[in-house]
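Asks: In order, the protein sequence lines correspond to chains A and B.
Residue numbers for the first sequence follow my numbering, so the first one is 1 and each next one is one higher.
Residue numbers for the second sequence follow my numbering, so the first one is 1001 and each next one is one higher.
FYI, nobody ran anything at the bench for these hints, they're computed from the structure.
Any given hint could turn out to be false.
Not the full set, but computed from the structure, chain B residues with beta-carbon under 10 Å of chain A [unchecked claim]: (1) I1049; (2) V1065; (3) V1085; (4) V1090; (5) P1093; (6) M1106; (7) V1115; (8) E1116; (9) E1226; (10) F1234.
Because the structure is a prediction, the values reported are computed rather than measured.
Beta carbons: idealized from backbone N, C-alpha and C, even for Gly.
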Amino acid sequence: MAHIEETAPRITVLPPNREKIKKLWTVAGILGIVTALEFAVAFGVPHEFKTLRVWIFIGMTIVKAGYIVGEFMHLRHEAKVLIWSILIPMVFVVWMLVAFVYEGMAIADIRKFF
Amino acid sequence: MASTSTTTVQAPGRSVWDGGVSPMGASYGKLMMWFFLLSDAFTFSALLITYGLIRSSHSAYEGAVEAFKFSDAYWPIPEKVFEAVPFIDVHAPLVFVGIMTFVLIMSSVTMVLAVEAGHRMDRPAVEKWMLWTILGGITFLSCQAWEWSHFIHGTHVGDAVAEGTKFFGANLAQNQYGPPDFAAFFFFITGFHGFHVFSGVCLNFLIYYNTVMGVYDRRGHYEMVEKVGLYWHFVDLVWVFVFTFFYLV
């Protein structure tokens, strides 16, 4: 078995980075709390306040997305040019979403007359 | 960060002006994964934008929530559709989908812990966290299988679709919950996402297998865990949006 020992790589295993792991669990906790808050809003805020509900949900979604992309996917710590090359195209997508939802509401208004 | 990163950003023996430095300070594989995910985000956005257009062009339910009844005249309130839980006969709106969300977020956390262990070349820890991640993915897929089955077969009380007819459950042509488009979007959006989860579980298993076989120890770095990790977090990210726009709003 000597030849295997020769080719076996020499690995230095570093001890766990406690500070980093603690930070990851903090982010996980924030995601869990925001999801719990979403449930609180879903059952606490009555359906009559539809616009308010929708905007709270969208805000919380953006917070969660920010933590997932920024911390879990590590984008916040990448080079600035990489951050912008991911975010700028998404701005156009968000614009498109808003535009099409408004388009749909206009179609609904027109349909009421026919 | 530089102290724990195992990524080779500077190619050996090449000058800066000769391709010696990776653009944007990320390795080729990671950069391409980012741009693949961006294009994948476009595909998911296309589905969600179409959903937004079609849903907002249907009239919304105007009456009291307590008196809500399924009808193809208006878009249903999601929490009235998704209120079943496996094995127990209760009305628990959104509880099951909340559990699914929690499972997927937790598997994202275990994935990021696997990446952290990979930075330290700690093979047993990578194996452990990858197994948890795979378990989370399989749990989510199982939950979704139940959710689909329940959605397709319907509840024990069917509602009138058209005058004089009753229809239980859902297919692509008609459903008991609301307009035909409602079920179509449920199948396409959660189906496309579920297929991503399935691919992610396969990739995660591949990474786990390679880790056990010592491939990354021989290679000298665990960057593959990081790249597949990006994909897995993206799947979680998409679910956050699906959860909001399909189940909550």
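Asks: Give a verdict on every hint.
Replies: We went through each hint and held it up to the structure:
no. : hint  : result
1   : I1049 : holds, 5 Å
2   : V1065 : holds, 5 Å
3   : V1085 : violated, 15 Å
4   : V1090 : violated, 15 Å
5   : P1093 : holds, 8 Å
6   : M1106 : holds, 8 Å
7   : V1115 : holds, 8 Å
8   : E1116 : holds, 6 Å
9   : E1226 : holds, 8 Å
10  : F1234 : holds, 7 Å
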